[in-house]
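As a plain string of letters, each chain reads:
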Amino acid sequence: MFHNLSFRYKIPLRGSLLIAIIAMSVSASLMYGVYYDLKDDAQQNADRMSRILAYSLKPLLLNDDVWRAYETINSPMQSSSGKKENYIDEILILNPRQQIYVSTHPRQFPVRSELSLLNPKLDKLSSEISRSLIDTPKSVELAESGKSYMVTPIISDGVLLGTLVIGYSSSMFLPHFYDIVWRSIITTLIVGAVLLPLSWFWGWRMSIPLTQLSESMSKVGWGTPLPDPDEFDLYESRDEIGQMGSAFKRMLRDLKHKENLEKQVLVSERLAAVGRLTAGIAHEINNPLGGMLITINTAKKHGSSDPQIQKTISLLERGLLQIKDIIGALLVEAKFQNHPLTVQDIEDTRTLVLANVRNKSIELNWGNDVQETLPLPSTLVRQVLINLLLNAIQASDAHVDCHIYRDSGNLSLVIKNDGKHIDPEQMSYLFEPFSSGREEGYGLGLWMTYQIVSQLNGLITMQSQPGETIFSVTLPLGVPS
Amino acid sequence: MQRWIKLALLCWALCGLTYAQANEHAPLRIGLTAVFLEEQTALIHSWQLYLESRLNRRVSFVQRASYREIIVLLKNGKLDFAWLCGYPYITNKKFLRLLAVPVYHGKPTYQSYLIVPADDRKTRSIVDLKGKLFAFSDPDSNSGYLVPVYELNKLNKKPDTFFGKTFFTWAHSKVIEAVASGVAQGGAVDGYIWDSQAIRHPELTSQTRIVNKSPEFGFPPIVSRRSMATTEVNTLRAVLLFMQRDEEGRKLLEKMNLDGFVSGNDKMFETIAAMALKVAN
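Note that the protein sequences, when read in sequence, are chains A and B. Mapping to our numbering: the first sequence position 370 is 370, numbers consecutive. Mapping to our numbering: the second sequence position 27 is 27, numbers consecutive.
Among these hints, one or two may not hold up.
Per label pair, the in silico range of CB-to-CB distance [unchecked claim]: (1) B/R250 to A/W182: 35 to 41 angstroms; (2) B/P202 to A/R131: 56 to 62 angstroms; (3) B/A118 to A/D41: 36 to 42 angstroms; (4) B/G164 to A/S139: 48 to 54 angstroms; (5) B/K122 to A/N119: 56 to 62 angstroms.
Over the 10 angstroms line for every Cβ pair with chain B, so calculated as not near, a few chain A residues [to be verified]: (6) L17; (7) W67; (8) E71; (9) P110; (10) R112; (11) F177; (12) L195; (13) F201; (14) E259; (15) M292; (16) I386; (17) G409.
If you want a taste of the chain A side facing chain B, the calculated C-beta under 10 angstroms gives, among others [stated by the list, open to error]: (18) Y70; (19) T72; (20) N74; (21) S75; (22) S103; (23) T104; (24) P106; (25) R107; (26) I296.
If you are wondering where the hints come from, they were derived from the structure by calculation, not from laboratory data. Here a beta-carbon is modelled for each residue, glycine too, at the ideal position from N, C-alpha and C.
Build out the structure end to end from the sequences listed, making use of the hints.
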C-alpha cells in the first residue's frame, strides 16, 4: 500500500513520521527524567524541611512551648495561594513516649494521644520509630496506605526531646508531574502544528520534479507518437532530478531523430523494392509486347482487308501501345547517353510549361542562376523539371516559384507552390507509382522523377505545410551514372 | 500646643540649645502588648502619625511578645508609655502611673471569655474542662490568665493539676486560633479582642464557642513610667482624650473598635487587685 504511494505523499508522510518520532522520543526521555527528578526532589524537600523544622523545634520543646511548636509546624502547611504547595499531608511532633506532642491536625491527632492507638495503620510507623534511634531524617514508606513519613528525631545534647514526623503522599509529586506532561504535550502539539505543514510543504515541493518527470515519462510508450521534448515543462537544476530531466529530454530528442531516420529508411527501401519489382515486370512485359506490336504491324500491312478485322486489330494496337507507354513510364531508363545540360535546355522547359501557366492564370516566378553547361544528362533533368513544374502548376492557387542554382558540386532545383498541402499520411506513399491523389493520370510523374533522381545519385525531398509545398532536388555534378 | 512651645522655650533657656534640641528629637516610646490586636501594622502606623502630628513630636511604638518584657523596659526607663493589662498594672503600680483607660461599648470595662471549640457542645463551665488541654494567653494577663485561675482558685483547684496540660500563646488572638484549630480544648481570651476578631475574621471566631463571660473589669489601661515628666503625661493624656472629638481620631478609634479614652482611676482595677491577691495567697 505505502510502497505504491506517490512520492507526493510518501515524502511528507515520512517527514511527519520522523517529526512525530523525534517529538515523542524527546518528550518521553524528558518525562522520564522529570519523573525521577521530581520524585527525588520531593524526597529531598521533605528531608530538608524536616532538618529545618527539627532545628527550630528544639528550643520550643525544651521550653515546652506547645503553641509556638504548633505555629512552627503549621507554617509549611500554609501558602498564600491556598493551594497545598509541598503536598505535605500532616506534620506531627511526638514526645519520647510516642504520644502526640502537637500536630498540624489537632482533631485527627489530638495532643497527648498515643500514635499507635490513633490509627492501626500507623502501628508500623510507631514500631519503626521506637526500633531505630537515628540521628538523621529517615523515610518510612507505608505501602498499604500509599504514604511516606519522614521521621526526624529532635535531639538536644544526646537526649531525645521528641520526634518530628512529616507525612506526605508517596505520589505527591504526581499532580505536578501531570502538569508538566500536559504542558509538554501542548508544546509538542504547537510545534507539530508548525512543523507538520512545513514538512508537508517541503515534501510536496521536493516531489514536484519527480512527479513531473514520471508523468512525462509515462507519455512515452509503444503505440503512441513520440511527444515533442519542448512541450514538457520539467524542473531545471543541476541536481540529480534536474539531470534526469535533461537526460530524458535528450533521450526523447534522440528517439525522435531515430524515428525520423527509420521512417526515411523504410520509405526509400520500399521505393527501391517497388522499383526492382516494376523494372522486372516491365522487362518481362516488354519482350512479348514488342513481339505483339510487330505482329499487329505485320497483320495490318498483309492481313485481311475485312474492315471488321482491321478495326479489331487497330483496337488491339491502341491497347498494346497504351501498355507500352505505361511500361515505358514505369521502366525509367537512364542508361542512354545524351548531350550535357545547357542553359537552353533549362529555358526550354520554361517555355514548355508557360501554356499551362497561362491556362490556369497563375504566376510563375522563374529564377535560373545556372549560366553554363553542366555535365548532367539534359533529357532526364528536363524530364524531372517538367514533372515537378507541371505538378506545382496544377496544385497551385496563385504562385509557383522555381529556383535553379548550382553550388560547389550540385545542381539544385527548388519548386514551390502555394496550393493545398499534402497531408502526412499521403506523404509516405508520395513517390510510389499509382499513388496519386489526383483523379486523372496514373500517378507516375513523381515515381519517374524519383527513379531518375535516384539513378543520377541525387536526392529529392519534399516539405509540405499549409500554404507552401516545396520539392527540392539535388543532383551531384560530374558523377554521371 | 502653646503649652508645649512654652515648655520647649523654658527648657531651652534652662538647659541650653544642645540639650533642648536633643530632648525635642528624642521620640516618645510607647510599648504595645497583646492587649491590642497584633498584625495591625497599618493601623498602628496611622495612629503613630496621628499622635506625632498632635504632639508635634516623634513617636515610636515598641512591640514585645510578653507583658513582662514591656514592664521590664518601663522599669528601666527604656519605654515612656505602654498599653498594658490591668493585672500587671496593679502588680507593678509603684513603678507606673495611670494615663488613660479606653472606652469600649460606652464603658471603660471589658470581660474575659471562656471559649471552647465550636464542635464542643457539652462544656457549660470551666469545671467541664477538667483534664483537658487549656490555652492561656499570657501569665501576666488578667482576662487570659488571672480570671480562669481565680475561678479554679474558688474551687480550690490549681491549673497545673486541674487541666491535663496548659500552654501560653502569648497573644489573645492566638488563643482564639488555638481553640479554633483544636490544639487546645479550651481557652481564656480578652473579650474585646474576641469581639474585634469576630468583626474582622468571623470565619475564625465562628469556630469557637463562648462558654462563659466573666464580670466586667477595668479595660487594659495606658500607663507611663513613674519617672515620666507630668507635663508630658498630661500632654499625651490630653491628646488621647481629645481623639473622639477629632474627625481623624474618630476614624482611628473606629478602626480600633473603641469609643474613646477617659482619664480613669485605680478604683477601676480594684477587682483585679482583689483577685490577684486571692490567687497569690
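message = Checking a non-interface call: every C-beta of chain B should be farther than 10 angstroms from the C-beta of A/E259. Is that right?
response = A/E259 is indeed farther than 10 angstroms from all Cβ atoms of chain B, at 100 angstroms.
query = Taking the closest pair, is the beta carbon of A/W67 still more than 10 angstroms from chain B?
reply = Per Cβ check, A/W67 is inside 10 angstroms of chain B; nearest 4 angstroms; violated.
query = Taking 35 to 41 angstroms as the hint, is the beta-carbon distance of B/R250 and A/W182 inside that range?
reply = For A/W182 against B/R250, whose Cβ atoms are near 55 angstroms apart, the range 35 to 41 angstroms is violated.
ask   = Going by Cβ atoms only, is A/P106 closer than 10 angstroms to chain B?
value = holds, 4 angstroms
key: Least C-beta distance between A/M292 and chain B, which was stated to exceed 10 angstroms   = holds, 144 angstroms
ask   = Is the distance from the Cβ of B/K122 to the Cβ of A/N119 consistent with 56 to 62 angstroms?
value = violated, 25 angstroms
ask   = Does the no-contact call for A/G409 survive, Cβ to all of chain B over 10 angstroms?
value = Given that every Cβ of chain B is farther than 10 angstroms from that of A/G409, nearest at about 122 angstroms, it holds.
Whether A/F201 stays farther than 10 angstroms from all C-beta atoms of chain B, as the label says = The assertion about A/F201 holds, with a minimum of 60 angstroms to chain B.
task = Using Cβ atoms only, decide whether A/R107 comes closer than 10 angstroms to chain B, and label the hint accordingly.
result = The hint holds - A/R107 has a Cβ within 10 angstroms of chain B, the shortest such distance being about 4 angstroms.
ask   = Hey, does the A/S75 contact hint survive, CB to chain B under 10 angstroms?
value = Since chain B brings no Cβ nearer than about 13 angstroms to A/S75, farther than 10 angstroms, the hint is violated.
ask   = Holds or violated: A/I296 as interface residue toward chain B, Cβ cutoff 10 angstroms?
value = violated, 148 angstroms
inquiry  = Checking a non-interface call: every C-beta of chain B should be farther than 10 angstroms from the C-beta of A/L17. Is that right?
reply    = Label holds. Min Cβ-Cβ 58 angstroms, cutoff 10 angstroms.
In the structure shown, a violation is registered for the earlier hints numbered 1, 2, 4, 5, 7, 8, 9, 10, 19, 21 and 26, in ascending order.
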